[in-house]
Structure formats: structure tokens, C-alpha cells
Amino acid sequence: MTEAHPDPLARWSELQLAARQRLEANTSGKTRIAVQVGHCSQAVGAAEIADTLRDNMAARSDADLVVTGCDGACFNAPQVIVTLPSGEARRYGRVTRQDVGDIVDALALQGRAPRPCLGTKSEPTTPEPNRDVESFFAAQRRLVMAQCGRNDPANIEEYIANGGYRGLARAMAAATEQVIELVLEAGLLGRGGAYFPAARKWQGARSANLTPRYIVANAEEGEPGIFKDRHIMEGDPHRLLEGMIIAAYAVSASSGYIYINAEANLSAQRMETAIEQVRNLGLIGPDILGSGFDVDIAIRRGAGGYVCGEETTLLNTMQGDRREPRLRPPFPTESGLFHKPTVINNVETLVNLPFLLDGGAPTFGQIGLPSAKGTKLICLSGLVQRPGLAEVPIGTTLRQIIYDIGGGPLPGRGIGIIAVGGPSSGVLPVSELDTPLRPGMLHPSGVVMGAGGVTVLDESVSVIDVVRRLAAYNAAESCGKCTPCREGTPRMVEALDRLASGHGSPNDLEELRYLAEIVGAASLCGLGQMSGGPINSALHFFGEELARLTGF
Amino acid sequence: MERNELRPLLRQKFPQERALLLPVLHFLQNEIGYLPDWALEIVGWHLHIPASEVYGAATSYTELRLNPSGRHLVRVCNGLSCWSNGGKELLEHLAAQLGLQPGGTTPDDRVTLEETPCAFLCPMAPAVEIDARWWGRATPDSIASQIRELA
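Chains S and P, in that order, are what the protein sequence lines are.
Numbered by this note's numbering, the letters in the first sequence go through residues 18 to 569 in order.
Numbered by this note's numbering, the letters in the second sequence go through residues 984 to 1134 in order.
Warning: the hint list may mix true and false statements.
Stated by the list, open to error - Pairwise CB distance ranges, derived in the manner of DEER restraints:
1. S:461 to P:1114: 45 to 51 Å
2. P:1097 to S:430: 25 to 31 Å
3. S:522 to P:1078: 29 to 35 Å
4. P:1115 to S:26: 32 to 38 Å
5. S:457 to P:1017: 42 to 48 Å
As the list claims (entries may be wrong) - Using 25 Å as the maximum straight-line C-alpha spacing, the simulated SDA-like pairs for lysine to any residue come out as follows:
6. S:498 to P:1071
7. S:357 to P:1030
8. P:1071 to S:475
9. P:996 to S:518
10. P:996 to S:447
11. S:47 to S:163
12. P:1071 to S:429
13. S:498 to P:1049
14. P:996 to S:317
15. S:498 to P:1034
16. P:1071 to S:317
17. S:357 to P:1006
18. P:1071 to S:313
19. P:1071 to S:31
20. P:996 to S:302
21. P:996 to S:313
22. S:498 to P:1006
23. S:357 to P:1071
24. S:357 to P:1049
25. S:498 to P:1045
26. P:1071 to S:321
27. S:498 to P:1009
28. P:1071 to S:286
29. P:1071 to S:530
30. S:498 to P:1099
31. P:996 to S:289
32. P:1071 to S:201
33. S:357 to P:1000
34. S:498 to P:996
35. P:996 to S:282
As the list claims (entries may be wrong) - Per the computed footprint, the stretches of chain S lying under chain P, defined by three or more beta-carbons under 8 Å from a beta-carbon of chain P, are:
36. 242–250
37. 327–337
38. 388–400
No lab work stands behind these hints: they were computed from the structure.
For every residue, glycine included, the Cβ atom is placed at its ideal position computed from N, Cα and C.
If we strip away everything but chain S, and leave its shape as in the complex, we get (with noise of 0.2 Å):
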């Protein structure tokens, strides 16, 4: 048992004193332009609006550029928020290079709010969709991702000021074994897909009795459709690093690593900086606030693949070995990184953390469903008006997500196919639109809410293209470990482009229906297990339009 400690929270007060005070001298009475900068915004230009604004701004002293992550409103990227002295607010979006200079000609309008051209801007080959921002938001529940675009990442000030890092110190002041008690009555389940209670985790690697122990953050997010993960090490990377060391604190680990996949450069190079200003206040390295824990944490890279975020492969990965997945048991809580107890959670799951211990718990057990509580990162992509990242309370409807914050499918166009999960999880018809997403599954079929991805195809887009296309991700990703999933990944592949070519029979139905059933029976790892939820629901939901195919 570790002794509780009394001094954490009297430290803390003194970091946030000491940041206030900075922060108040260097940003008093100045307006802020805030540009949002992430993986995704890069991509349409918003790296390069930051540039010229910097360019722009070079000669005032009268306002601060700041570079944050994204808010999740994407389809209104690039995004640049100025905040007025008075605290007045103005979002800019779809911003161009040429929209800068009335950016910055509208400052000098002392005090006058610029004139916002919000859903006005456009590139002229892109139909123009209803761009309500203010919608998007109000639908959603926003606890991990509530400072993502507001933050400067790069500024621990900004975070700690907002009472960042207060949970960690709440958590230090207390002794391990509540810190895993409260985690556990809160009932937070994993999020990286299979929605283990986390704090089980924990009490697995304590129970194990072999030091030293690990803490991995999976932020491998190898999974199609999926981009959170991103999100929020690019938004608010000190909510990831307050989560794991409160995580690592709970298990007595010494060595904390953030798995990141390959090609989040972004990610990677934010929660560099944010670990070195933790361990320049002495945040992570040898007694932390005083409490005599010590932990210190470092980043892994990935190298690519769907099955490198299941966990023993990412460990494998992390040694240097082949990306296979290990024989469990036993669990890496028992034997996991170098054969040590090592619990690994989800990027998501570990940013509820600082929440959590900051006297959050009641409010996140009125959140979402009573068997699974708290919010979930809905990743929305695909022929909706607005997607982007939501956040929404577990149990929300995939109608509300579609049309509530998505804005609904483009003008003039219906919806026929919602992929959920990914590309193990299954395709619902539209008449499965009140279908609420929770853990568990979302239809015996085989559809599950995974990490939370939601694509919605249009009607022109045929089932068996969906579904071959998921296959063929599977068949390409399967590690070949596993013989079944080898072997059954491509034969899927072959049945199905057999029916799309019109060369089918009703024996390829067959054989989709025990193909799937055989590799995910025998398959160590979720990738192949699930290999099947694509075909199996495609068959329950659209088995006439298959049926169709097959010529008879």
C-alpha cells in the first residue's frame, strides 16, 4: 500500500499560480487568433494560413498567434477563432490565404468584432453544404475533447491554468488502491473498441507481483475510418500525459510509453513537446508533486497496420519482433512488454482520467447509458454534410449522429449503407437508424460500434463494393499467424469478387457464411475474429441484393 501523501494538491497550487500569473502578463488585453492546425486541416491548407498570418501579424503587439489543434468541426477547415479582449468570440471557416489580410485588417478595427464569414468560403468545385456550425456542436457532450481547439498545446501554462493537472494531483493525495476504486465505481470501459473496464486492467498488473510494470498509451489508431486518437494528442496532448501518469501512478509502473502510429507525425511531434515541458516541471521523472512516485515516459512508433493497435502485437512491435499477435493467456497484464505486467489503454479511455479524479465521476455516471457510462468519440465521415469528430454520450443514436450533427446526407442524395466500426464490424441499411451505439453488439449479425467510426455511403454505392472492399482490407492486413485468417481472409476476397463480376452461385453465399464463421472461430486476434461482421451482416441486411448476384 502507498502511504497517501498530503503535499500533491499544495503543489499543484503553486504551478497554477505560477502560470496564471504568466499567462495574465503575456496575453492581458490582447486578441488572440487562434489557427487550428491537425492532421486532417493540414491537408486543405491550414498550415500554410498560419504561416501567412504569422507573416501578417508580424509588427502588432496587440495580438498573440496561436496554433491549436482542431475542434473536430472539419468540414469547415482550415479554422481560425479570434477572441476579442472583451472575451467575444468569431469563427472563421473554410478560411483561404486571400481571407488572412481581412483577418488581420479587421483587428484594426479597435475592438469591433471582424466581420465573420463563416460557410461563406468555398473552393468553387465543391457544391457549397449547409455549414452550421453551431448545430454540430449542440448536439454534442464534449468532456475529453472540451479544450481541443481552444488550447495551445504547445503552452502547459494554458493547460495547468485551466486546472490541468489537478486530477493527477487529487489522485497523488490518495492512496493507489482509490485512486483504482474510484476508477472502477465510475465504471469506465476501455475505448479502443472492446470496452474492458479499465481499472481491471490495473488491478490484473498489481495482482501480477513482478516489478518493474508498464503503462503503454495504444495510440496506433491503424484502424480505417478512425481518427480521435489523432485529435486529441494534437488538441490537448497534457490531458494524454495527465492520464497516463495517473494511470501509471494507479499500478506503480515506472515506465510509461505512448505507442504512435507511424505516420501521425503531427501527434508525434506535439507529445514530444508536451513531455518535455512536463518533465521540465518536473511532472514525470523522480517524485512527482512530492508524492515519492516516479515514472518516466517516452514515445514508440509504429510501422504500419490495422493489427498493430491489437495489443500483444503492439508489444511485439515495441521488442522488435514480427507484427503477430501472442497466445494469450497470458494477458499482458501478467506478461506483457519484455515479459513484464504491462496494462495498455486507449488513447481515449486515458483522457477520462484527468476528469475523473478531478471530482468528475458524478457527473460522467449521468452520462450515457447506466451500463456503460461517459461519452464516446464518433469519428463521421462520408456523405454527410458535416463530418468531422463528434463526441457524443454513449447510447446516442446513429439517426442523431447522421442528422443532428452530421447535417444529414448531401443535397440530393439518400442514404443507403452506414459502415460502423470499421472493417471488422458490419453495414447497416438506413432503416437501422434508431439503432442507439453502445458496447456490445449493435445487431446479433455481427455490427459492432468498434472504436466509433460512422461512414455513411449513399444509395448509388452497392453493398457487395462496400463489403469486398473491407475484405480485401483484411485479407491485405492479416498478419498470417493464424492459418484460418490467412487462408480466409483471401478466399472471402475471391467469393465476393466472383459475385461482383456476376460469375457467382448461391455456393459463394455459402461459403462467405462459413468462412466467416471458421476464421472467426480460430483467429487469435480481433482482426480475424471479426473478420466475418462485414459479410454476415451484409447477408442478413442485404441478402437479396446478394442474393441477386448469385444469377438465380
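Got chain S sorted already, so can you dock chain P onto it with the hints?
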């Protein structure tokens, strides 16, 4: 990079730990553009891992390339969002422009065109990567004109 430069460079940059295999391979791919056989062999010497295991690990990761691409690498995302949002037409357009099939390289070694599964830019569909820079909301015209300008 020359063969005889590699070992001193590895000594200088990487401790001899097996767990550093992937970081080393990433580093080499950034430096050389792909992973030639001779480099894999030297990595094995440095980290004390048999060449067969280095090769085994290198071939199991989709991000690692064992063959060189053309001078410029163009990748079109074929994830569901991109594909249904114009990515399919975009790939066909570029393949026709370059006169090759996806996966191929132009005879003058100028451009390699590939499909890639999900660039995690789903809300920015369709997405195309030109030499490690991604472009969202891409149109055939905007991408084609950029490719024409590549040397």
C-alpha cells in the same frame, strides 16, 4: 548513403538494443527512401539480430518498403469515405494521365502511383498524398496539375 557509411552512423545514433529494430528501420527508410538488402544485413550486425529475422520483421510491416519507388510517390486513399467520395474517379484519372496501372512506375522513373488503405483523412475525402504531403478535398484537376509539375 553508401554502404560503408551505414555502420558508423548506426553506432553513433542507436544503442545496440533489439527493441530499436523498428526505429532503425524507420530511420533508414527516411534516409534512403526504402530498405535495400545490404542495409538490412548491416542493421542485423549492429543490433545482433540474424539477418533472417531483420528481413522477417521488415517484410511484416506495411509501412516499410523493400523496393525503391520512382522519384515521386503519389498515393490515393482507397478507404470507404474517399472511395465513395471521388477517390475512385481520381485514381482512374491519374492512372490514365500517367499511362500506368496503380502500383506501377512511369518508364522514366518519375512517378510511382499507388493505392493506400485509409489516410485517416476521412472527413477531407478524397485524399491524395504527393511525396509525403497529403491533400484533402482533392479534385482530379488540382492533383493532375501538381503531378505535371513534378520534375
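Okay, the hints, checked on the actual structure:
Judged by the Cβ atoms, the range 45 to 51 Å given for residue 461 of chain S and residue 1114 of chain P holds: they are separated by roughly 47 Å. Between residue 1097 of chain P and residue 430 of chain S the beta carbons are some 29 Å apart, a value that agrees with the proposed interval 25 to 31 Å. The hinted window of 29 to 35 Å between residue 522 of chain S and residue 1078 of chain P holds, with their beta carbons roughly 32 Å apart. Look at residue 1115 of chain P against residue 26 of chain S: about 46 Å separates their beta carbons, and that is not inside 32 to 38 Å.
Judged by the Cβ atoms, the range 42 to 48 Å given for residue 457 of chain S and residue 1017 of chain P holds: they are separated by roughly 44 Å. Pair hint residue 498 of chain S plus residue 1071 of chain P does not hold up; C-alpha atoms about 32 Å apart against a cutoff of 25 Å. About 22 Å separates the Cα atoms of residue 357 of chain S and residue 1030 of chain P, which keeps this hinted pair within 25 Å; it holds. With a C-alpha separation of about 15 Å, the suggested pair residue 1071 of chain P and residue 475 of chain S falls inside the 25 Å cut-off, and the hint holds.
For the given pair, residue 996 of chain P sits about 53 Å from residue 518 of chain S by alpha-carbon distance, which is inconsistent with the 25 Å threshold. Simply put, residue 996 of chain P and residue 447 of chain S have alpha-carbon atoms about 55 Å apart, too far for the 25 Å limit, and the pair is violated. For the hint linking residue 47 of chain S to residue 163 of chain S, the alpha-carbon distance of about 23 Å falls within 25 Å, and the restraint holds. Distance restraint check for residue 1071 of chain P and residue 429 of chain S: the Cα-Cα separation of roughly 20 Å lies within the 25 Å cut-off, and the hinted pair is therefore satisfied.
For the proposed pair residue 498 of chain S and residue 1049 of chain P, the alpha carbon gap of about 21 Å is at most 25 Å, so the pair holds. Note on residue 996 of chain P and residue 317 of chain S: the hinted pairing holds, with a Cα-Cα distance of about 16 Å set against a maximum of 25 Å. Proposed proximity of residue 498 of chain S and residue 1034 of chain P is supported: the alpha carbons are some 20 Å apart, at most 25 Å. For the hint linking residue 1071 of chain P to residue 317 of chain S, the alpha-carbon distance of about 34 Å lies beyond 25 Å, and the restraint is violated.
Note on residue 357 of chain S and residue 1006 of chain P: the hinted pairing holds, with a Cα-Cα distance of about 22 Å set against a maximum of 25 Å. The hinted pair formed by residue 1071 of chain P and residue 313 of chain S fails the criterion: a straight-line CA distance of about 46 Å is larger than 25 Å. Using a Cα cut-off of 25 Å, the hinted pair residue 1071 of chain P and residue 31 of chain S is violated, with the two alpha carbons roughly 56 Å apart. Simply put, residue 996 of chain P and residue 302 of chain S have alpha-carbon atoms about 24 Å apart, close enough for the 25 Å limit, and the pair holds.
Pair hint residue 996 of chain P plus residue 313 of chain S holds up; C-alpha atoms about 21 Å apart against a cutoff of 25 Å. About 23 Å separates the Cα atoms of residue 498 of chain S and residue 1006 of chain P, which keeps this hinted pair within 25 Å; it holds. A hinted pair counts as satisfied when its Cα atoms are at most 25 Å apart, and residue 357 of chain S with residue 1071 of chain P does not qualify at roughly 46 Å. Straight-line distance between C-alpha atoms of residue 357 of chain S and residue 1049 of chain P comes to about 33 Å, which puts the hinted pair past the 25 Å bound.
In summary, the hint linking residue 498 of chain S to residue 1045 of chain P is supported, as the alpha carbons are separated by about 16 Å, within the 25 Å threshold. Between the alpha carbons of residue 1071 of chain P and residue 321 of chain S the distance comes to roughly 23 Å, so the proposed pair stays at or under 25 Å and holds. About 24 Å separates the Cα atoms of residue 498 of chain S and residue 1009 of chain P, which keeps this hinted pair within 25 Å; it holds. Pair hint residue 1071 of chain P plus residue 286 of chain S does not hold up; C-alpha atoms about 32 Å apart against a cutoff of 25 Å.
Only pairs whose Cα atoms come within 25 Å are accepted, and residue 1071 of chain P paired with residue 530 of chain S is rejected, the gap being roughly 29 Å. Between the alpha carbons of residue 498 of chain S and residue 1099 of chain P the distance comes to roughly 23 Å, so the proposed pair stays at or under 25 Å and holds. At most 25 Å may separate the alpha-carbon atoms for a hinted pair to count; residue 996 of chain P and residue 289 of chain S meet this at roughly 18 Å. Between residue 1071 of chain P and residue 201 of chain S the alpha-carbon distance is near 47 Å, which puts this suggested pair outside the 25 Å criterion.
For the given pair, residue 357 of chain S sits about 17 Å from residue 1000 of chain P by alpha-carbon distance, which is consistent with the 25 Å threshold. Proximity of residue 498 of chain S to residue 996 of chain P is assessed by CA-CA distance (about 33 Å); at most 25 Å being required, the pair is judged violated. Note on residue 996 of chain P and residue 282 of chain S: the hinted pairing holds, with a Cα-Cα distance of about 20 Å set against a maximum of 25 Å. By the rule of at least three residues with a Cβ nearer than 8 Å to a Cβ of chain P, the coverage given for the segment 242–250 of chain S holds, with 4 such residues.
Under a criterion of three residues with beta carbons nearer than 8 Å to beta carbons of chain P, the stated coverage of the segment 327–337 of chain S is upheld, 4 such residues being counted. With 5 residues having a Cβ less than 8 Å from any Cβ of chain P, the segment 388–400 of chain S passes the three-residue criterion, so the hint holds.
Hint violations for this structure: numbers 4, 6, 9, 10, 16, 18, 19, 23, 24, 28, 29, 32, 34, all remaining hints satisfied.
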